[in-house]
Amino acid sequence: MTEPSASPGRLDRHRSEAAERRLRQRYRAERRFQLYGALGLGLATAALAALLVSIVSQGYTAFWQHEVRLSIHFDPQELDPEGTRSPEVLGRANYDALVRGSLRELFPGVEGRRERRQLRALVSSGAGFELRDRVLESPGLVGRRQSVALPLADEVDMLLKGSLRRDLPESERPLSDLQLAWLDEMTRRGLVSRVFNVRLLTAGDSREPELAGIRGALMGSILTILVTLGLSFPIGLAAAVYLEEFAPRNRWTDLIEVNINNLAAVPSIVFGLLGLAVFLNYAGLPRSAPLVGGMVLALMTLPVIIIAARAAIDAVPPSIREAALGVGASRVQAVFQHVLPLAMPGILTGTIIGMARALGETAPLLMIGMVAFIVDVPGGLTDPATVLPVQIFLWADSPERGFVEKTSAAIIVLLVFLILMNLTAIILRNRFERRW
Amino acid sequence: MASGSIPKITTRDVSVFYGETQALFDVNLDIPSNQVSALIGPSGCGKSTFLRCINRMNDLIEGCRVEGKVTLDQEDIYDKRLDVVKLRARVGMVFQKPNPFPKSVYENVAYGPRIHGFAASRSELDEAVVWSLEKAGLFSEVKDRLNESGTSLSGGQQQRLCIARAIAVHPEVILMDEPCSALDPVATAKIEELIDELRENFTIVIVTHNMQQAARVSQRTAFFHLGVLVEEGETAQIFTNPRDSRTQDYITGRFG
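Order-wise, the sequence lines are chains A and B. Counted from 1, the first sequence has number 137 at position 137 by my numbering; the numbering is strictly sequential. Counted from 1, the second sequence has number 232 at position 232 by my numbering; the numbering is strictly sequential.
Simulated from the structure, these hints should not be mistaken for lab results. There's no promise every hint is true.
Calculated from the model, a selection of chain A residues having no Cβ within reach of chain B, i.e. all distances over 10 angstroms [stated by the list, open to error]:
hint	residue
1	Q25
2	L39
3	H73
4	E105
5	V270
6	L276
7	H338
8	L342
To give an idea of the chain A side of the interface with chain B (calculated C-beta under 7 angstroms), a few residues [what the hints assert, rightly or not]:
hint	residue
9	A315
10	G326
11	V327
12	G328
13	A329
14	S330
15	Q333
16	N430
Quick reminder that beta carbons are idealized off the backbone N, C-alpha and C, glycines included.
Generate coordinates for the entire structure from the input sequences, incorporating the hints supplied.
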């Protein structure tokens, strides 16, 4: 072996045809990889866009509703023949008769029970309750005549929104020719109007699509998530801080660590069973309540928060800890004044992931009775309640055409709720963010 | 010579184990008051480990075990009744890599006085911060930037900020673990100058890789090799007339 012989060979190494080819190949590989990446991103974006477009295009109509303005005579003979004006009597009166009476005035020519029933069916079956609520609110209405906007039946609403076709043969559509003729007449007289669907946001659930709202489920979700956050965040944080900063490393802590990691992977329905057994059967807490739902979801979220918080605490450089301890800070001071503030962004990210999962969860709630038809809006932690994803499931399962758009509308509300939660987390995270 | 006065720190038969591995073997060393003692030796010789025994920073390391006796003013610092927090307030530390808190310059220095309750009022705290920064030779450079993040300073300034943070607690001893290894020569010179001034009020123990630095700043030098304290004595004697051949080899650059 002498000199690294043949200097032309050395030149060849980087300038030869083969070398050029290798270089081109490397660039091609890089371009190919970038293309795959862009393709993956494009597919994901397209899927998300398709989902959003389909939900919004199906759901936006639910935020509008058709009403008919009827001249209602609050007939004292019908409502309160004895003139007591007591809420008890007024509450029990037959308000549906007022609706029927008003419709008969509108179409005096309609005779026969079947026709009259068909006419009545144009207006929501809940119209009577609306009138009752008005009277109970101001009993002075009795004996007077007032023009009242009442919701139309969901079939009519669907027809006016174009979701039902009127050119089908009579036997195949829910509204008869006669009903269509009356509807057209009402429209011609300017009695039918399209308004913002306040009920969707203020009412509880109902069997009638035109009366159903998501207020109950929304309140249920908010109460449940508050309980979940209130329990799982402090407990999870305390557990993570203790395990990461204070606990001795031994077989017990190893065992606990393995179990926490396993718990994060346990199917959520198992937590529901646990809640049923412990919270309902043993502790005797109320069924269907946000309190219990929140506790069950907190159990489910705890391991997620603990794992995220431990990772975030672990990621804080040890030099910060040493610096604090080096000037004579106690361990608690070092942790709470230096380590935790730096770990907070990561902890919040983990918490929000856990909360988002809890917000979308239905399976464990099944076991504790939160998958239920509940009309009343819950006012407290122990009132019967349901949550948004359950409401979506219940509406999606309903046969009425009117619930299709309601389902999508509920999904929109759930998504908005989620986005708001995430935004809060991002804002909080940016406030805590510190560079070192 | 330190033989006449009582040493500030003494160690007797100190051995340190990381799990099964022994890192230090029966170290006996006296560190005199108000002097700079340098610990030198090749990488992995146990000088940093020894330094961290003096303020019990080794407690933080999983599986680390210290045997033997370390005293500060004749008080056993590994005694069960001794308060570690108090010990670390008396024995401050400056680390190899500058590690200011990700807070303002002011907050970095004020943290110690605040947690130890030195300053009763805001003006006293201000005074303490200014005194420490001045002592660390940093005040003139940062006096308009007290509210900026400590991490925005240059490397040399950060290290002096860490020194200011340490002396703000008024420790009796300052341990320095290769404080200049991440700094350029200009910043190093500043810190060496500072160490010389600090000797007046503090007892300083410094670990260094740089033998010129040890020769420049210290009065006493201890040479560690493979976990054993090979030789210690006055710096001038160690560098001009070492007794042990290993010391001789190391300071003449034959290994390490």
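Status of the hints after comparison with the structure:
1. Q25: holds (42 angstroms)
2. L39: Holds: least Cβ distance 40 angstroms, greater than 10 angstroms.
3. H73: Label holds. Min Cβ-Cβ 74 angstroms, cutoff 10 angstroms.
4. E105: holds (77 angstroms)
5. V270: Label holds. Min Cβ-Cβ 35 angstroms, cutoff 10 angstroms.
6. L276: holds (42 angstroms)
7. H338: Violated, since 6 angstroms does not exceed 10 angstroms.
8. L342: violated (7 angstroms)
9. A315: It is violated, given that the least Cβ distance between A315(A) and chain B is near 14 angstroms, above 7 angstroms.
10. G326: Constraint on G326(A) satisfied, holds at 4 angstroms.
11. V327: holds (4 angstroms)
12. G328: At 3 angstroms from the nearest chain B Cβ, G328(A) passes the 7 angstroms test, so the hint holds.
13. A329: This interface hint holds because 6 angstroms falls under the 7 angstroms limit.
14. S330: With a closest approach of 5 angstroms, the S330(A) hint holds.
15. Q333: holds (6 angstroms)
16. N430: This interface hint is violated because 15 angstroms lies over the 7 angstroms limit.
Consistency with the previously given hints fails for numbers 7, 8, 9 and 16, ordered from lowest to highest.
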